[in-house]
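**Student:** Protein sequence lines correspond, in order, to chains A and B.
In terms of my numbering, the first sequence opens at residue 1 and continues consecutively.
In terms of my numbering, the second sequence opens at residue 1 and continues consecutively.
Hint data in this document are derived by calculation from the structure and do not stem from the laboratory.
Here the structure is a predicted model, which means the values were calculated and not measured.
Any given hint could turn out to be false.
[As the list claims (entries may be wrong)] In silico lysine-lysine, DSSO-like type, Cα no more than 30 Å apart, as pairs:
1. B:LYS162 - B:LYS124
2. B:LYS124 - A:LYS151
3. A:LYS595 - A:LYS581
4. B:LYS162 - A:LYS146
5. A:LYS146 - B:LYS173
6. B:LYS36 - A:LYS632
7. A:LYS34 - B:LYS36
8. A:LYS632 - B:LYS173
9. B:LYS79 - B:LYS36
10. B:LYS173 - A:LYS581
11. A:LYS151 - B:LYS79
12. B:LYS87 - A:LYS146
13. A:LYS34 - B:LYS203
14. A:LYS151 - B:LYS203
15. B:LYS124 - B:LYS150
16. B:LYS162 - A:LYS304
17. B:LYS203 - B:LYS162
18. B:LYS124 - B:LYS79
19. A:LYS581 - B:LYS203
20. B:LYS162 - A:LYS34
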Amino acid sequence: MQNAEAAQAGLQSIPALLARNAERFGNRPAYREKEFGIWQSWTWAEAADEIRALALGFLVLGLNRGDHVAIIGRNRPAHYWAMVAAQMCGAVPVPLYQDAVAEEMAYVLDHCGARFVVCGDQEQVDKVLEVGARAPSVEHVVYTDKRGMRKYDHSRMNALADVQAEGRAAQQRLGHELDARIAELGYDDTCVMLYTSGTTGKPKGVVLSNRNIIETGKNTASFDHLTAREEVLAYLPMAWVGDFIFSVGQAYWAGFTVNCPEGVHTMMTDLREIGPTYFFAPPRVFEGQLTSVMIRMEDAGRFKRWLFRHYMEIARRVGPALLDGKPVGALDRLRYGLGNLLVYGPLKNTLGYSRIRVGYTAGEAIGPEIFDFYRSLGINLKQLYGQTEASVFITQQPDGQVRSDTVGVPSPGVELKIAESGEVFYRSPGTFVEYYNNPDSTASTKDAEGWVATGDAGFFEEASGHLRIIDRAKDVGRMADGRMFAPKYVENKLKFYPNILEAVVFGAGRDMCTAFINIDLTAVGNWAERNNIAYASYQELAGHPQVYATIKQHVEAVNESVAADPMLSGCQISRFLVLHKELDPDDGEMTRTRKVRRNIIAEKYADLIEALYDGRDTVSTRTEVTYEDGRKGEIRATLKIEDARTFPTQTMQKVAAE
Amino acid sequence: MTMQEGYTTADGRQIGGVLMDLRNITLRFGGVTAIKDISFDIREGEIRAIIGPNGAGKSSMLNVISGFYVPQEGEIWFKGYRRGPMKPYEVARLGIARTFQNIALFDGMSVLDNIMTGRLNMMKAPIWSQALWWGRAEREEVENREQVEKIIDFLEIQNIRKTPVGRLPYGLKKRVELARALAAEPRILLLDEPMAGMNVEEKEDMCRFILDVNDEFGTTIALIEHDMGVVMDLSDRVVVMDYGRKIGDGTPDEVRSNPEVISAYLGVAHE
Chain A
1 MQNAEAAQAG LQSIPALLAR NAERFGNRPA YREKEFGIWQ SWTWAEAADE IRALALGFLV
61 LGLNRGDHVA IIGRNRPAHY WAMVAAQMCG AVPVPLYQDA VAEEMAYVLD HCGARFVVCG
121 DQEQVDKVLE VGARAPSVEH VVYTDKRGMR KYDHSRMNAL ADVQAEGRAA QQRLGHELDA
181 RIAELGYDDT CVMLYTSGTT GKPKGVVLSN RNIIETGKNT ASFDHLTARE EVLAYLPMAW
241 VGDFIFSVGQ AYWAGFTVNC PEGVHTMMTD LREIGPTYFF APPRVFEGQL TSVMIRMEDA
301 GRFKRWLFRH YMEIARRVGP ALLDGKPVGA LDRLRYGLGN LLVYGPLKNT LGYSRIRVGY
361 TAGEAIGPEI FDFYRSLGIN LKQLYGQTEA SVFITQQPDG QVRSDTVGVP SPGVELKIAE
421 SGEVFYRSPG TFVEYYNNPD STASTKDAEG WVATGDAGFF EEASGHLRII DRAKDVGRMA
481 DGRMFAPKYV ENKLKFYPNI LEAVVFGAGR DMCTAFINID LTAVGNWAER NNIAYASYQE
541 LAGHPQVYAT IKQHVEAVNE SVAADPMLSG CQISRFLVLH KELDPDDGEM TRTRKVRRNI
601 IAEKYADLIE ALYDGRDTVS TRTEVTYEDG RKGEIRATLK IEDARTFPTQ TMQKVAAE
Chain B
1 MTMQEGYTTA DGRQIGGVLM DLRNITLRFG GVTAIKDISF DIREGEIRAI IGPNGAGKSS
61 MLNVISGFYV PQEGEIWFKG YRRGPMKPYE VARLGIARTF QNIALFDGMS VLDNIMTGRL
121 NMMKAPIWSQ ALWWGRAERE EVENREQVEK IIDFLEIQNI RKTPVGRLPY GLKKRVELAR
181 ALAAEPRILL LDEPMAGMNV EEKEDMCRFI LDVNDEFGTT IALIEHDMGV VMDLSDRVVV
241 MDYGRKIGDG TPDEVRSNPE VISAYLGVAH E
């Protein structure tokens, strides 16, 4: 058995994998980070040395077995080192979302009882200090960036570099202790604890064992043939399970290079410079890139626009077939080759996808047109379906079997079943151990045989054996007349339009569906600029009659396409409004991973929903907003409500049996 | 003033001796007296603000400090020496750098190149070497680029390093201007209305940067600002001007309770 193999090789923990990599790939780059305008790099041997120094430093500070070490900061090598160093000491790393406000942080720090907190910079340190007595377990703060930290009381605070220096000095004294602790690490010991943002309720601490992470890393690395030569860009929040799997699990298993961007805002430039071979991004990143490409094409000259349109048409027809290795005529191949020279190649280079071998998207459904755009360029973009509790992978698409409306076949080692209710259940080596200090939730999520409910409704396609997800199981409902209501299905169609950033559809238990729309300021702002439409604020632009007219066209186009699906045709939107503010995680309207929190929105904007259903033309409202620094304010607005045309269900048309 | 040896601020920073001493400065433009017999000093490591209503003579005062205007009367002592009229490059060599009220950057050049111009004084290679980018010129450029990158990192403008300045929004241009001034590694940094025209968030950022510059590099800062709230929070000592005269000088608290300052700002009826 593969399990036994790994166990025999002694590769039962991340520190053990580190030691192997330092030996086997000693001179290959393990980490790169752009700093002061230059990519700095560390080989596996150097990284192992840095991590060991940090671990010894933690021992000097008194880190005990079983302690929790919180890590709050952007993706930097030092923060990944801190996680592995904590593991070496027998402690559990707990990465947190760096944009969380102090209250959220207080809950998590207190819940896991973190004794050590590693902070990226002064901003994070300030938050931890603000939390203060609400998380009494915190004893030591270690910070990475020294800037602005000189005046702080350092009696319980240290710079990470200083901790490493102390660790190096203590090598003789504590080296044996550290080696002993590393040797103790077992396959079923906790590897990491990750808090799920959760669309409802308080975050839960998902405990993942070494077995979960390493088995998942191993299985999925072989699924996509990942080698030590891959380059990834680590830019997604460290607190998110995906980043841990890609930048730690798979990276340590396969021994590839993790590249950290210079800052939050430089990600696109850094992506271009690195040109990753293996890339993950949520749909919104791909959407954002496509939007910016389209905006720039609108601004281009007539010839360039023609060239782009002409060759994208060919790409749409030929590209995906070429990627999937299907037969393509010689003439089409020639045309595609020419297009590659003139358009696709330069475009991919601009986007940073020149070298990409495997790309994944997940988290939300991706608009088919967006998905096809990237695939037609020859980028092997695939979908996967997963969650924190599964160590990410539940299903994924094998090369050559990629479609935008399915999420693929079960990942290696994963068993799937679909319950009577349509809910998807899985069981896998990556299945989490438990929710930390929450046996009730653990029991209600994972049954005695290890089956876990995903909370999503879906079905297997008979022809291909691929899984299709319809919506969150709890969101799928019935309308007043019994027709099926799947809000996300419609929202995703709406969000495909570059002008629409977010949409929230209502209709469960009602006689018609209605929607809130959020405009995309980048796209709509650009449009306004080109058409000489002046606006002073987001609110003003959102309420502009021409914006409403455009959105109305989009809504009606979506209605027409929804009408084509007899099962879901009831979900056509009869009335909508454009929201006066962007839905924001700081206001609790979305999760930190930017998933819409339906219930909170429904509660907060109850007055608007009421107006959508009682036939009024306008509605006045006040909304509380939270600024980035945590202060609260209020915006008032009068919103217009617009009717949209709906279409009769096309029962006669046969839906292609794919 | 009695504090010859410096003082300690409320937040525990050690302020040194007098860096610049302005004695009985009077500046006239023809018949208009812009500055009338003003004396004050700027100490090593402090943040010194000059405030006053419109037309009080603040910008003129800053121009006197920077050596752009030469006052008709009075003396300027800098680092213990009396300073005569100077050419702009001499001012820069003395370690005085400034930003402008109406941004003065090269719009067509990238952010990086704009900041590099702040270090021209440190590049000593002969012109042929610079033209060929060989030998000393290359070494110097690399050294200076390193310093500039530290400033870029410090002011968090990595993402616009290669962007032409003309394409940047106002708040960022201000930050680039600050970066260019910092690139000269000044002893004293003059900021002419650094927050003018900024929104609340940009102001907060700018305040943080000014404090950090002062804290991290120990740079002495003299600034003019309209926004009273900002000035009072930021500065160690404040000079208040009105109609070219000095009507107050001291810590923010002292200035705030000065009756003459209150009447100048709130418009209490003059007797």
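**Student:** The structure should be examined with respect to each hint, and the outcome stated for every one.
**Tutor:** Hint check results:
Distance restraint check for LYS162 of chain B and LYS124 of chain B: the Cα-Cα separation of roughly 25 Å lies within the 30 Å cut-off, and the hinted pair is therefore satisfied. About 37 Å separates the Cα atoms of LYS124 of chain B and LYS151 of chain A, which puts this hinted pair outside 30 Å; it is violated. Between the alpha carbons of LYS595 of chain A and LYS581 of chain A the distance comes to roughly 16 Å, so the proposed pair stays at or under 30 Å and holds. Restraint check: the Cα-Cα separation between LYS162 of chain B and LYS146 of chain A comes to about 26 Å, which is no more than 30 Å; the hinted pair holds.
Restraint check for LYS146 of chain A and LYS173 of chain B: the C-alpha separation of about 26 Å stays at or below 30 Å, so the hint holds. About 46 Å separates the Cα atoms of LYS36 of chain B and LYS632 of chain A, which puts this hinted pair outside 30 Å; it is violated. For the suggested pair LYS34 of chain A and LYS36 of chain B, the alpha carbons sit about 53 Å apart, so the restraint of at most 30 Å is broken. Distance check on the hinted pair: LYS632 of chain A and LYS173 of chain B sit about 29 Å apart at the alpha-carbon level, within 30 Å; holds.
Taking the CA atoms of LYS79 of chain B and LYS36 of chain B, the gap is near 24 Å; set against the 30 Å cutoff, the hint holds. Annotation: proposed proximity of LYS173 of chain B to LYS581 of chain A holds, straight-line Cα distance about 27 Å (limit 30 Å). For the given pair, LYS151 of chain A sits about 28 Å from LYS79 of chain B by alpha-carbon distance, which is consistent with the 30 Å threshold. For the given pair, LYS87 of chain B sits about 39 Å from LYS146 of chain A by alpha-carbon distance, which is inconsistent with the 30 Å threshold.
A C-alpha spacing of about 28 Å is found between LYS34 of chain A and LYS203 of chain B, which places the hinted pair at or below 30 Å, so the restraint holds. Proposed proximity of LYS151 of chain A and LYS203 of chain B is supported: the alpha carbons are some 23 Å apart, at most 30 Å. For the hint pairing LYS124 of chain B with LYS150 of chain B, the CA-to-CA distance comes to about 21 Å; that is within 30 Å, so the pair holds. With a C-alpha separation of about 25 Å, the suggested pair LYS162 of chain B and LYS304 of chain A falls inside the 30 Å cut-off, and the hint holds.
Restraint check for LYS203 of chain B and LYS162 of chain B: the C-alpha separation of about 24 Å stays at or below 30 Å, so the hint holds. Restraint check for LYS124 of chain B and LYS79 of chain B: the C-alpha separation of about 25 Å stays at or below 30 Å, so the hint holds. Between the alpha carbons of LYS581 of chain A and LYS203 of chain B the distance comes to roughly 23 Å, so the proposed pair stays at or under 30 Å and holds. A distance of roughly 15 Å separates the Cα atoms of LYS162 of chain B and LYS34 of chain A; the hinted pair therefore holds under the 30 Å criterion.
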